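Visitor: Chains A and B, in that order, give the protein sequences. Residue numbering for the first sequence follows the numbering used here, starting at 1 and increasing by one per position. Residue numbering for the second sequence follows the numbering used here, starting at 171 and increasing by one per position.
The hints are simulated quantities; they were obtained by calculation from the structure and are not laboratory data. Please note that a few of the clues may not be correct.
To be verified - Chain B is nowhere near these chain A residues, computed Cβ spacing over 10 Å in every case:
id: 1; residue: Asp8
id: 2; residue: Ala16
id: 3; residue: Gly49
id: 4; residue: Asp51
id: 5; residue: Lys52
id: 6; residue: Ala53
id: 7; residue: Asp54
id: 8; residue: Ala57
id: 9; residue: Arg108
id: 10; residue: Ala115
id: 11; residue: Ser128
id: 12; residue: Leu140
id: 13; residue: Gly148
id: 14; residue: Glu155
As the list claims (entries may be wrong) - Pairwise CB distance ranges (calculated):
id: 15; chain 1: A; residue 1: Ala164; chain 2: B; residue 2: Glu317; range: 41 to 49 Å
id: 16; chain 1: A; residue 1: Arg72; chain 2: B; residue 2: Cys174; range: 34 to 42 Å
id: 17; chain 1: B; residue 1: Cys174; chain 2: A; residue 2: Pro47; range: 43 to 51 Å
id: 18; chain 1: A; residue 1: Gly145; chain 2: B; residue 2: Glu317; range: 28 to 36 Å
id: 19; chain 1: A; residue 1: Gly167; chain 2: B; residue 2: Ala205; range: 42 to 50 Å
id: 20; chain 1: B; residue 1: Ser204; chain 2: A; residue 2: Leu97; range: 19 to 27 Å
id: 21; chain 1: B; residue 1: Ser204; chain 2: A; residue 2: Ala9; range: 43 to 51 Å
id: 22; chain 1: B; residue 1: Asp340; chain 2: A; residue 2: Leu101; range: 34 to 42 Å
id: 23; chain 1: B; residue 1: Arg193; chain 2: A; residue 2: Glu98; range: 35 to 43 Å
id: 24; chain 1: A; residue 1: Gly49; chain 2: B; residue 2: Ala189; range: 29 to 37 Å
id: 25; chain 1: A; residue 1: Pro47; chain 2: B; residue 2: Asp340; range: 33 to 41 Å
id: 26; chain 1: B; residue 1: Arg193; chain 2: A; residue 2: Leu97; range: 42 to 50 Å
id: 27; chain 1: B; residue 1: Asn173; chain 2: A; residue 2: Ser132; range: 26 to 34 Å
Computed from a predicted model, the values in this text were never measured in an experiment. Ideal Cβ placement from N, Cα and C applies to all residues, glycine included.
Here's the letter readout for the chains.
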Amino acid sequence: MNPTEWFDALFRAHYARVVRMLGRLMGDRGQAEEIAADAFCKLARQPDGADKADLTAWLYRVAINAGLDAVRSNSRRKRREERATAASANSTEPEALERLLTEERCERVQRVLAALKPRDAQMLLLRSSGMSYRGLAETLGIQPGSVGSMLARAEQEFERRYRARYGGRL
Amino acid sequence: MKNCWPDGDLRAYMDGELAPDARATIAAHLEDCSACGARYRELAERAAWVSAVMDLSNNAPAIPAARPRPRRWLVGAAGLAAALAIAFAMLPKRPPEGPAQAVAKAVVPPAPVQTAAPVVHPVVHRPAPRRQEPGEEFVRLDDDPIETATIVRVSAEDGALQADLIVGPDGRAHAIRVVRNR
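Working from the sequences, and respecting the hints, build out all of it.
Guide: See below:
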């Protein structure tokens, strides 16, 4: 496969999923597209001849880690923006309140995911994007038989950290 | 407890990700083993809870109404174009043949996206003069139905790299494809 073909193949197969997955993490489609584009930019710099499966796994790791980094660096700015939004919103408007609640839910999930081990966060994000166990194994570079146990552990850790911070509130 | 199953197998069973024989064996075991049954219910409740929490967070508006960023798609498009530019910059290039000519070929996306009176904005001022490589398919970025769309071509570098975006009336890119000229 020549350089053009392997990049095109990976782009067609994975670009939309990477954007969706990052959109779920970021809660912001525009920022998801920016990070996805940057991940594919880095993908393009990979040497020719690398194994396609390795490149796929690498791509998702880079995209998710960049997303998690952005979440961490965004958190302070977002909190500031949310306070400004809350101050300007009419608290009697149900729509404004619902929007604030939704954004708060999103940020809780972002904070917990960012606090997990990268592998656990990757597992949860990829699984929530609908990826099969086989796809998870290939993407994360693990044995297919290990996916169930890793997923169960990631979910346990997510729940533990979420409840420790926010109780059982959704 | 004899023949009890580890969490990982129970979790895979829950997702229907085991081979049929293993699935049948676990199903029979769960009928008889109260400990594994309780463990399975615990795992299932946790999985459902985690899924619900993550789905709720996913309902955040893509473009919050309180602080819209107009022409947001351009940010992603520019980033992608830059990314692709690097990809193509790595490839061996042949020298241009003949004079530059405008390339503004309208493309029709796959159903169900419908383009009414597609408007092409050829951002490229120095497009590659060779034929467009056929067979490039659009990559859908979401499943949102759109009644009208504008096809926007973006480019980077010297025009050797181009991408078409299908932009809906909401200003977001709904599909993208790489356009390569030979």
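Visitor: Next step is simple, just say for each hint if it's right about the structure.
Guide: Hint check:
| no. | hint | result |
| --- | --- | --- |
| 1 | Asp8 | violated, 6 Å |
| 2 | Ala16 | violated, 5 Å |
| 3 | Gly49 | holds, 13 Å |
| 4 | Asp51 | holds, 18 Å |
| 5 | Lys52 | holds, 15 Å |
| 6 | Ala53 | holds, 19 Å |
| 7 | Asp54 | holds, 17 Å |
| 8 | Ala57 | holds, 19 Å |
| 9 | Arg108 | violated, 7 Å |
| 10 | Ala115 | holds, 14 Å |
| 11 | Ser128 | violated, 5 Å |
| 12 | Leu140 | holds, 14 Å |
| 13 | Gly148 | violated, 3 Å |
| 14 | Glu155 | violated, 5 Å |
| 15 | A/Ala164 - B/Glu317: 41 to 49 Å | holds, 47 Å |
| 16 | A/Arg72 - B/Cys174: 34 to 42 Å | holds, 40 Å |
| 17 | B/Cys174 - A/Pro47: 43 to 51 Å | holds, 47 Å |
| 18 | A/Gly145 - B/Glu317: 28 to 36 Å | violated, 47 Å |
| 19 | A/Gly167 - B/Ala205: 42 to 50 Å | violated, 29 Å |
| 20 | B/Ser204 - A/Leu97: 19 to 27 Å | violated, 45 Å |
| 21 | B/Ser204 - A/Ala9: 43 to 51 Å | holds, 50 Å |
| 22 | B/Asp340 - A/Leu101: 34 to 42 Å | violated, 23 Å |
| 23 | B/Arg193 - A/Glu98: 35 to 43 Å | holds, 41 Å |
| 24 | A/Gly49 - B/Ala189: 29 to 37 Å | holds, 35 Å |
| 25 | A/Pro47 - B/Asp340: 33 to 41 Å | holds, 39 Å |
| 26 | B/Arg193 - A/Leu97: 42 to 50 Å | holds, 45 Å |
| 27 | B/Asn173 - A/Ser132: 26 to 34 Å | holds, 27 Å |
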